[in-house]
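Here the protein sequences come in this chain order: A and B. Going by our numbering, 101 is the number at position 101 of the first sequence; the sequence numbering is gapless. Going by our numbering, 585 is the number at position 585 of the second sequence; the sequence numbering is gapless.
Don't read these hints as lab results, they were simulated from the structure. Since we're looking at a predicted model, the values are computed, not measured. Do not take every clue at face value.
[Said to hold, decoys possible] Now the in silico label distances, taken between C-beta atoms and shown as ranges:
1. A:36 <-> B:345: 51 to 59 Å
2. A:177 <-> B:408: 25 to 33 Å
3. A:132 <-> B:476: 49 to 57 Å
4. A:125 <-> B:522: 33 to 41 Å
5. A:125 <-> B:408: 33 to 41 Å
6. B:595 <-> A:177: 25 to 33 Å
7. A:139 <-> B:82: 51 to 59 Å
8. B:93 <-> A:125: 54 to 62 Å
9. B:411 <-> A:164: 35 to 43 Å
The beta-carbon is built from N, C-alpha and C at its ideal position, and this holds for glycine as well.
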Amino acid sequence: MGSTNSTLLKIPNVEVLMQETGFSPAHIIRLHDRFKALDKEGRGHLCPHDFGAIKELAMNPIGDRIIGAFFSPGKETVDFHTFVKILAHFRPVDKDRPKEPNSPEPINSRSNKLKFAFQLYDQDKDGKISRDELLQVLRAMLGMQVTDEQLESIADRTIQEADLDRDDTISFEEFRKACKHKRFTMFRFCIRPGERKLMLTLCHWSSELQDQHEL
Amino acid sequence: MELKMFILVLGLLVGSLMPLGGASGSPGSGTGQDECKKNNGDEKNGNKTTKKSFPVLSLNYENVRLPFEISLWVLLASLMKLGFHLMPRLSSIVPESCLLIVVGLLVGGLIKLVGKAPPVLESNIFFFYLLPPIILDAGYFLPIRQFTENLGTILMFAVVGTLWNAFFVGGLLYGVCQLEGTNLAGVNLLSCLLFGSVISAVDPVAVLAVFEEIHINELLHILVFGESLLNDAVTVVLYHLFEEFTNAGTITVTDGFLGIVCFLVVSLGGIVVGAIYGILAAFTSRFTSHTRVIEPLFIFVYSYMAYLSAEVFHLSGIMALIACGAVMRPYVEANISHKSHTTIKYFLKMWSSVSDTLIFIFLGVSTVAGPHEWNWIFVVATLVFCLVARVLGVIGLTFVINKFRIVKLTSKDQFIIAYGGLRGAIAFSLVYLLNPKHFPMRNMFLTAIITVIFFTVFVQGMTIRPLVDLLAVKKKQETKRSINEEIHTQFLDHLLTGIEDICGHYGHHHWKDKLNRFNKKYVKKCLIAGERSKEPQLIAFYHKMEMKQAIELVESGGGSKLPSAMPSTVSMQNIQPKKPPQDRALPQLSKAREEEIRKILRTNLQRTRQRLRSYNRHTLIADPFEDGLDEILIKRKKMKELEKKISQMNNYLTVPAPPADSPSVARARLASDPQAWGLKSVTEIPTIKVELVSPQNPESVKVVDEFSKKGSQPKGSEEEGGLTMRVPSSEKQRKDKTPDEEPQPRFMRCLSDPGPAAEDEDEDEPFLP
Numbered sequence: 001m002g003s004t005n006s007t008l009l010k011i012p013n014v015e016v017l018m019q020e021t022g023f024s025p026a027h028i029i030r031l032h033d034r035f036k037a038l039d040k041e042g043r044g045h046l047c048p049h050d051f052g053a054i055k056e057l058a059m060n061p062i063g064d065r066i067i068g069a070f071f072s073p074g075k076e077t078v079d080f081h082t083f084v085k086i087l088a089h090f091r092p093v094d095k096d097r098p099k100e101p102n103s104p105e106p107i108n109s110r111s112n113k114l115k116f117a118f119q120l121y122d123q124d125k126d127g128k129i130s131r132d133e134l135l136q137v138l139r140a141m142l143g144m145q146v147t148d149e150q151l152e153s154i155a156d157r158t159i160q161e162a163d164l165d166r167d168d169t170i171s172f173e174e175f176r177k178a179c180k181h182k183r184f185t186m187f188r189f190c191i192r193p194g195e196r197k198l199m200l201t202l203c204h205w206s207s208e209l210q211d212q213h214e215l
Numbered sequence: 001m002e003l004k005m006f007i008l009v010l011g012l013l014v015g016s017l018m019p020l021g022g023a024s025g026s027p028g029s030g031t032g033q034d035e036c037k038k039n040n041g042d043e044k045n046g047n048k049t050t051k052k053s054f055p056v057l058s059l060n061y062e063n064v065r066l067p068f069e070i071s072l073w074v075l076l077a078s079l080m081k082l083g084f085h086l087m088p089r090l091s092s093i094v095p096e097s098c099l100l101i102v103v104g105l106l107v108g109g110l111i112k113l114v115g116k117a118p119p120v121l122e123s124n125i126f127f128f129y130l131l132p133p134i135i136l137d138a139g140y141f142l143p144i145r146q147f148t149e150n151l152g153t154i155l156m157f158a159v160v161g162t163l164w165n166a167f168f169v170g171g172l173l174y175g176v177c178q179l180e181g182t183n184l185a186g187v188n189l190l191s192c193l194l195f196g197s198v199i200s201a202v203d204p205v206a207v208l209a210v211f212e213e214i215h216i217n218e219l220l221h222i223l224v225f226g227e228s229l230l231n232d233a234v235t236v237v238l239y240h241l242f243e244e245f246t247n248a249g250t251i252t253v254t255d256g257f258l259g260i261v262c263f264l265v266v267s268l269g270g271i272v273v274g275a276i277y278g279i280l281a282a283f284t285s286r287f288t289s290h291t292r293v294i295e296p297l298f299i300f301v302y303s304y305m306a307y308l309s310a311e312v313f314h315l316s317g318i319m320a321l322i323a324c325g326a327v328m329r330p331y332v333e334a335n336i337s338h339k340s341h342t343t344i345k346y347f348l349k350m351w352s353s354v355s356d357t358l359i360f361i362f363l364g365v366s367t368v369a370g371p372h373e374w375n376w377i378f379v380v381a382t383l384v385f386c387l388v389a390r391v392l393g394v395i396g397l398t399f400v401i402n403k404f405r406i407v408k409l410t411s412k413d414q415f416i417i418a419y420g421g422l423r424g425a426i427a428f429s430l431v432y433l434l435n436p437k438h439f440p441m442r443n444m445f446l447t448a449i450i451t452v453i454f455f456t457v458f459v460q461g462m463t464i465r466p467l468v469d470l471l472a473v474k475k476k477q478e479t480k481r482s483i484n485e486e487i488h489t490q491f492l493d494h495l496l497t498g499i500e501d502i503c504g505h506y507g508h509h510h511w512k513d514k515l516n517r518f519n520k521k522y523v524k525k526c527l528i529a530g531e532r533s534k535e536p537q538l539i540a541f542y543h544k545m546e547m548k549q550a551i552e553l554v555e556s557g558g559g560s561k562l563p564s565a566m567p568s569t570v571s572m573q574n575i576q577p578k579k580p581p582q583d584r585a586l587p588q589l590s591k592a593r594e595e596e597i598r599k600i601l602r603t604n605l606q607r608t609r610q611r612l613r614s615y616n617r618h619t620l621i622a623d624p625f626e627d628g629l630d631e632i633l634i635k636r637k638k639m640k641e642l643e644k645k646i647s648q649m650n651n652y653l654t655v656p657a658p659p660a661d662s663p664s665v666a667r668a669r670l671a672s673d674p675q676a677w678g679l680k681s682v683t684e685i686p687t688i689k690v691e692l693v694s695p696q697n698p699e700s701v702k703v704v705d706e707f708s709k710k711g712s713q714p715k716g717s718e719e720e721g722g723l724t725m726r727v728p729s730s731e732k733q734r735k736d737k738t739p740d741e742e743p744q745p746r747f748m749r750c751l752s753d754p755g756p757a758a759e760d761e762d763e764d765e766p767f768l769p
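The whole structure should be built from the sequences, with the hints applied where relevant.
Here's what the structure looks like:
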C-alpha cells in the first residue's frame, strides 16, 4: 500500500487526526479525495460556496444549516481537519472502546451526536430550542404547502410534549429525553465512508433499530 | 358459570359436526336427486297416480350441505378462540396454536370414532382461501421502515438460510436413507432434496401466531417474520424445480442455472405483479369519494387478484400479496374515509384470525385422518437435522451479516431467531400436493412433516415465552408515537442525506431521499385525490393525532363535537383574519388555575359519567387526570385559542368561503358525507365554551349550567357539564365574557343568528366511530 502511505504523508498531522476521530487510514484518504474534489480551486480549504455547489445539498431542506455546521462561528473557511472532525460525528459508535476515565469523550459518542443534531436546531446557540427556531425548522421541512396556522399548531404541540420545565423552549436535556423513547434509530445515525473502491457496492445500512438498553 | 355454558354449547356443536362431517358425498346427493326426480314426476303425473300428501316439513340437507359444513367449522373455530380467552391461565402458558391443534386432534378423533373419515386440509382450500387473508393482513400492516432498514439481513436469512437448510437436511437425509439397516433405500436424492426444501421454510402463520403473544422487540420480530414471508419465493422455486426434475429424471448444469434464473423471475415477478395491482388499487381509490361504502371491497379484491394472478404464472403469491399491500397502503389511506379505514382494518384482522384458527384445527384433524407411515429413523433424523441446520445456519449467517450491520445481532438475538424458526401448515400442504405416483414415500414424508410441525409448535412455541423472560430479551416498547418523534425522524433523515451528499457517498439515505422525491413529484399526484396529494407526511400525521385526541376527548366526557381540526379549517379559508399582535396566543396557566381546571373537570366528568357509552381508562375514578393533565391542557389551550379565533372571525361581515373539503379534515369530522358541511358560515360551527372559574366571575360556573339547559343540544349528546358545545349566543355571552373580549360581542350580535342555526345540527353522533 505504498500509494496509501504517500498520500497519508501529504496530509499534515494525520496521526493526530486519526486518533481524535477514529477514522482508519483508508477512510482518511477517501475523505481527503473528497475534500480535494470539492475544493475545486485547490486552495486547501473550503468555503460555503464550495458546499453550495453540491446539487443534492441545495435541494435538501436543511442544507444550509448543515453547511453552517461546518463553519465555526466567525470562520469563513473549513480546512481538512475540521472537515474530518465534523464528519467524525457520523461514525458508528465504537461499542468496544475501552472506557478510560480521563480521556475526553470521542466525537462519535452518542451524546456528541445528539449535541450535533441539537445545534442544528438551535441556530442562535443559546442552548435552547425556542418556538421560533422550531417554526423555522418546520417551515424549512414542510415548504410552502402548509399555512402558518398549521405550523404554529404543530410547533406548539411539539413544545408541549417535550417541554418538561414549562419554559416554552426545549433544552438539551429535554431534547435528549424526548429522543430516548424513539422506536427507530435516531441516535444510531452514522454513515460509513466506505473503502475507496468498494464504496458503491457494499451495503451501508446506516440506520438500524435502536437498542434501548444502551441508551 | 360462563365456562360451563360454553362447554355445553361446544359439546352440542361438535356433536352435530360428527354425522355431518362424515356424511359422504356421492351417495347422499344421489338419493337427493332421485328424490327430487320422483317428486317432479309425481307432480307431473299428479292427477294420474296416487297423490302424496303435501310435505309440510321436509328435510333436504344435501342442498345446503357444503355451506352448512363450512359455517359449522368456522363457528367451531371461533368458539374455540373465544373459549381459550375465557381461561386466562391456560392461554398464558400454552400458545393458542397449540391449543387449537389439540382441539383439532380431539375433533378428528371423535369423527374417526364415529366411523367416518375426517376431512383433510385440502391444499386448494388452504392455498386459495385460508392463507391469503393472513398474508394480506401481514402485508398491509407491514412496518415498512423497519422492514427496509433490515432488508439485507432478512434477505440473507430468507434466501441463503433456506437454501442452506434445504440442502443440508435433504443431503443428510439421503445419506441416512442410504445407510444399511433402514429400509429406506427407495428414497432417491431428489425426493430427499424436495422434502428438505419443503420442510426448511419457516412458516409465517406459525411465527405470527407465536410471536404475537410474546411481544418481543421489534427488531427480532421483523427479522423472523420478514424471513418467513420472503422465503416463500425460495420454497416455491425449489419445490417446482425438484418436482420437475423428478418427472424428467435427469438434471444437467443448465437446469441448475435455469433454477437460479427461475428464482429471480419468481420473486421479482411476484413483487411486480403485486405492485401493479397495488397501484391499480390506489388509483381506483382516488375516485371513490362518492361511493365510500365499497372502498374496502376494492382493497380486498385487488389484493386477492394479485395473489391469484401470481399463482397463475407459478410466481410467488405471497410476495405478490405483500407487495400489493405495502405499495397501496400509503396512497389508499390518503384517499379513503375513516370508516373505510376502520372497516379494512377490522375485516383483515377478523379474516386472518379465523383463517389462522381454522388452519391449526385442520392440522390437528388431518393428523388423525392422514395416511401415516411411521418410520422411526426417518422421522427422528428429520427432526434432528432440521434443528441442527437451523442453528448452524443462523450462527453462520449472523457471523457474515454482522460485518455489515451497525446494530449487531447478539447471541441472544441469534438464539431467538434460531428458536423462532417454526414450521407450519404450508409445509404440510406442499407435501400433501405431491403426487403419490412419483413420490411413493409421500405418506412417510407427511408423517415426518407433521412430527416436525408438532414439535416446533408445541415444544418451541410453548417454551419460547419463558425463555424470552429467562434470557431477558428486550420486549416491545409500547410507546405512543409523538409528534416529536416524527419531526426528529424527518430531520435526521434530511441531515444524514445531506452528510452523505457532502461525502459523495451514495448510501441508504441518498436513495431513499431520491425515492421520496420521485414519489412526491409524480406518484402522489397520480394516485391521491385532490388536495391530499400535496400534503406533507408530517401534516397528515399531525391530523391523525389531533383526531385521535379529539375522539379521546369526546369519549372522556368532553364536548360532542370538537373541531380540533379547526385550526386547519380556519387556515384554509380565504380570509385571513388579522391576528392581534400577541407573542403567544395561549395564556399561561398558573398553579391555581390548574387546580381549578382539575376541579372542574372532575365535577363535570362525574356528572356525565352516567351518560358515557364506553368506559375506558380516560373516565375518571379518583384523580386519574394526573397523567393526562398535559393532554388536557393542550386541548384546553386549543379550545381557548379556537374560541378566540372564531370570535375574531365574526368581526368580519362577509361570510368566509367554505372550507376546502380535504379528506383529512372531513375525516376529522368523521362524517363520510362531504356535503354535510356545505356552505355553512363560521358562526354556525359549534364551539366549546369553557368558562373558567375566575376570581372576577364567580358565577360563571352557574352561568355555564344555565346555558347548557337553554342552549341547543344535539341529539342525546353529553350535557349538564361545563364542557358543552353550543353555538355562541350573543346576548348572554356578553355578560360573561372576560373584559378583554368585550369588543367582539357587539359585532357578534349583528352577525350571528344562533336561533335557528343552532337547531340545525345535522351532525348526528359522528364522533364515535
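Has the hinted range 51 to 59 Å been met by the Cβ atoms of residue 36 of chain A and residue 345 of chain B?
With Cβ atoms ~55 Å apart, the hint holds.
Whether the CB-CB distance between residue 595 of chain B and residue 177 of chain A falls inside 25 to 33 Å:
Distance hint for residue 595 of chain B, residue 177 of chain A holds at roughly 26 Å.
Quick one: are residue 177 of chain A and residue 408 of chain B within 25 to 33 Å, going by C-beta?
Given a distance of about 26 Å, which is inside 25 to 33 Å, the answer is holds.
Could one say that the CB atoms of residue 125 of chain A and residue 522 of chain B fall in the range 33 to 41 Å?
For residue 125 of chain A and residue 522 of chain B the Cβ distance comes to about 40 Å; the hint holds.
Given the hint of 33 to 41 Å, is the C-beta distance from residue 125 of chain A to residue 408 of chain B inside that range or not?
holds, 36 Å
Lying within 35 to 43 Å: is that true of the beta-carbon distance residue 411 of chain B to residue 164 of chain A?
Holds: the Cβ-Cβ distance is about 38 Å, inside 35 to 43 Å.
Taking the Cβ atom of residue 132 of chain A and the Cβ atom of residue 476 of chain B, is their distance within the range 49 to 57 Å?
violated, 37 Å
Please check whether residue 139 of chain A and residue 82 of chain B have a Cβ separation lying inside 51 to 59 Å.
holds, 53 Å
Taking 54 to 62 Å as the stated bounds, is the beta-carbon spacing between residue 93 of chain B and residue 125 of chain A within them?
holds, 57 Å
Hint violations for this structure: number 3 only, all remaining hints satisfied.
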